[in-house]
Structures are given as C-alpha cells and as structure tokens.
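Asks: Each chain, letter by letter, is given below.
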Amino acid sequence: MEVFAGWDMPVEYSGLAVEHMAVRTRAGLFDVSHMGQVELAGKDALAAVQHMTSNDAGKLKIGQAQYSGLTTPAGTFVDDLLVYRFATDHFLFVVNASNVGKDFAWITEQAKPFGDVSAVNTSARYALIALQGPAACDVLQTLTDVDLGAIAYYWFAHGEVAGVRVTISRTGYTGERGFEIFTPPQSAVRVWDAVLQAGRSADVVPAGLGARDTLRLEAAMRLYGNDIDDTTTVLEADLEWIVGWDKGEFTGRAVLADQKARGLSRRIVGFEMVDRAIARHGYDVYLDGAKAGTVTSGTQTPFMKKAIGMAYLPVARTEPGTEFEVDVRGRRAKARVVPLPFYKRPKG
Amino acid sequence: MYPQTYKYTNDHEWIDLATGRMGVTDYAQKQLGDIVFLELPEVGKTVKKGEQMGSVESVKAVSEIFAPVSGTIAEVNAGLAEKPESINLDAHGSWMVAITPADPAEAQELLDAAQYAELTK
Chain A
16 MEVFAGWDMP VEYSGLAVEH MAVRTRAGLF DVSHMGQVEL AGKDALAAVQ
66 HMTSNDAGKL KIGQAQYSGL TTPAGTFVDD LLVYRFATDH FLFVVNASNV
116 GKDFAWITEQ AKPFGDVSAV NTSARYALIA LQGPAACDVL QTLTDVDLGA
166 IAYYWFAHGE VAGVRVTISR TGYTGERGFE IFTPPQSAVR VWDAVLQAGR
216 SADVVPAGLG ARDTLRLEAA MRLYGNDIDD TTTVLEADLE WIVGWDKGEF
266 TGRAVLADQK ARGLSRRIVG FEMVDRAIAR HGYDVYLDGA KAGTVTSGTQ
316 TPFMKKAIGM AYLPVARTEP GTEFEVDVRG RRAKARVVPL PFYKRPKG
Chain B
3 MYPQTYKYTN DHEWIDLATG RMGVTDYAQK QLGDIVFLEL PEVGKTVKKG
53 EQMGSVESVK AVSEIFAPVS GTIAEVNAGL AEKPESINLD AHGSWMVAIT
103 PADPAEAQEL LDAAQYAELT K
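Protein sequences appear in the order of chains A and B. Just so you know, we're using our numbering here: the first sequence kicks off at 16 and counts up by one. Just so you know, we're using our numbering here: the second sequence kicks off at 3 and counts up by one.
Fair warning: there could be bad hints in the mix.
In silico BS3-like links for lysine-lysine, alpha-carbon gap of 25 angstroms or less [to be verified]:
(1) A:74 to A:262
(2) A:74 to A:58
(3) B:32 to A:321
(4) A:321 to A:349
(5) A:321 to A:359
(6) A:349 to A:320
(7) A:349 to A:362
(8) B:47 to A:321
(9) B:32 to A:349
(10) A:320 to B:47
(11) A:349 to A:306
(12) A:320 to B:32
(13) B:85 to B:123
No wet-lab data here; the hints were simulated from the structure.
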C-alpha cells in the first residue's frame, strides 16, 4: 500500500507484471475511487465548459464523454480530464486526485462570468471502479441489463450493476477495452465483490496503481505531474486532437494558436531504450552530449518486454529513429525515438 | 525460510561464506516485485563492505546491491543477469556474484538466519 494524493492505495495485489498481463489478455479490476469529480450545471454550463476546457464540448451528445485539457492562459495544463455530458446543461468532469482542490478553485473562478452555472465538487459522491481488458464486456454483462455492446467507445449509460444504481462508461486508462463504473461509495464494495465473483471463471484479477501506470504508459496516455503539467502546452504534449479550434475562444487559445503558427520548439516523444537500462521519470536526456530535457515517464513494460518512456525533445530531433542518451544513474544509455503509442490493442 | 547455512545483512542480502556467493533475500525480492534488470560488477573488482557494487531493478523501482563483506569479485553469474526474473522465483538460489573475503573477521558482524528473520518481522 502507498499513500497517493491522500488516499491509501494498493500498488499491487498479486504482482505488477501479472496484473498488467491480465489486463492485456483477460481483465483486471481497478479501484480508482481517488479520481475527483466536479459537476457543472445551469443554462450557461456549456458556455462555461467551452471557455475553460480545450476540446469542443459542444460536440458532445448527452451520454457521451471526451478527453480534454483544463487549460491555463498560457495553453498549459491546470489538469487533464474527462468531460461527460449528463444532460444538455449538466456536465461531469473527472479529474486527477492530486488536483481536485486546485481544479475546483480554478473551475469556480473560470465559471464566474457565466451567469447561470454552478460548480460543485462531488468527489465524495462517487466511487469509481474500472474493469479493463478483452474479457471486461462479457464479465460485466452478467451483472447488468444494460446492453454493454451498445455503448460505444467514450459513451456511457446509467443502469444497475449487481443491483446497484451506477453509471457505466466505456472509458479507461489502460489502452484496453473496458468500462469505468461510477457507484455510490457505500455500494462500491458490493460492486467490486460482484465483478470479481463474476470474473472468477475468466480469471479476472484485482490490479493496482503499479499496473495502471505501466499500462497507461504502453498506451502513451499522458500522466499529469509526469508528462504534462502547467509548464507544458497542449501542443507540446502532442495533444492537438483535444484542441477544439473550431469552437472559438477558450482559456489559452491565443497562445496555442500562436504556437501553432510559429511552430513548436519542443514536443513530447516516445522512446525505447537501445542499451539495456530503464530510463525513469526525472532522468536527464542528452543530445549530442548536451542536456536537452528529462524523461517524463519511463518503465520496463511487462507486455512488450521493452524499456520505454516519454520525454520532451527539440522539435528538430523528434523524428522516429533519432537517437539520444539518458543518464541512468551516472551511466549514459542510448535510446531511440519511436512513434506513439507503444501499444495499440488489436482491433475487434 | 532463510537457509541456516547463509549469513545475512541489514540490506537484505545473503552470503554463503563457504563459497562467497551472495544474492538478495526472499524478503527483498518480494519488496521489489518483478525484477527485470541486474547490473553486476566485473570479476577482479575489489569492493569494500557496504559499498555499492551493482543494482537490481524491478518494474517499479531500482535498488542498490551492496558488498556484504570486503573482498574481490571472484565470479559473476552472467546467466542470472540474462534471466533476472529467476530471483523472484528462488531468491536464495539466485547468486549474483562470488566474493573472496579480504577480512574473515567481518563475517562476525553478519546476521544469522534467526536474527535476519527477526529483522524482517
């Protein structure tokens, strides 16, 4: 167990690699109740959401979700988040646990000019359980009348799981198909136990924070505090797909538009190690012998069995195949830029 | 659990004084989790007791290997470096290097199996 953002969290249950492999080949069950929730409601809620986030929330239908950035005026991240449209005038943000306080203050401030909208920190109202992996749909279907096959990627539905009123979202942080289940905290254990029980024959295992990190890194999903923060812009993080250029004004837009017009000076890349070594978060990166940045995330992946990572490099040196060095505890180890994501789940 | 014929250190290493072979304990492998890399010293290197002489790396963390006694590296288990995950299966059978001790008196400072078991309680 480890304290994470004030939560006592399991790093691993049966073992990080075992749990990682279970998610890639069967399914793993994660307790991600630490994630924060902020809800915005009111006639002007959409306008407020459009103002404070980078993606175009106007494109969201009721029942749909999107990945987005809560941006600073500099086009950097206050946080990254999922935006759910619960109703025409009702949105739910899912934010990082370590940022809930900061985010809520920021959101409240950003919403102020917008008349009829109120923001509420509803983090305590939800426990969040994620079932991720190729077997997730079949296992969860035994516990609910909701037609899970009809929920498209990044859509959600309300219904019951194991007799508990929940919201089921086809989202996740593993690069695998799966669901995240919002439950009232008092019913979370019941849902957790029911899913594990239902998953017994498919060999579904509980999975911890450790596997969550290696899985998301294989899928090249950014981690706030490592790969993105309030010093990295949305474009530098290579997330232009969450910039809703067509929607008009939003916080940070001017800086991002300027950056796009002039060209970036640095951008995040994926890399794999050429030399035998693991590059970890915070290790220095060297280009032509000169320090050029730091590793933002790095690990040895149990599934691909490679040492991989992400780092910011000068744009001229971000082409796949470019070689650079990482200072691994005093030793310079060679690494090579590769395309992201590292892992893409098989279609079907 | 911990072989009686071995001696142990506070850094969670074992050494078999009969052969000079050393490794990390079962307790250490459990703490580390899935071991994926092993960095070992070269044969002939002289080490001082407590000095860092290599590292063992799991998916989640890197941990240093310290010399349990002073001496000279007599042998390196290259096979283990190729298959470091073996340590998770059999830590007490997975020797990393063999050290020829320089000062037999140092052995007196090591823990026996019972003392080590107590330490990890």
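Asks: Broken hints, numbered, in rising order?
Replies: Violated: hints 7, 8, 9, 10, 13.
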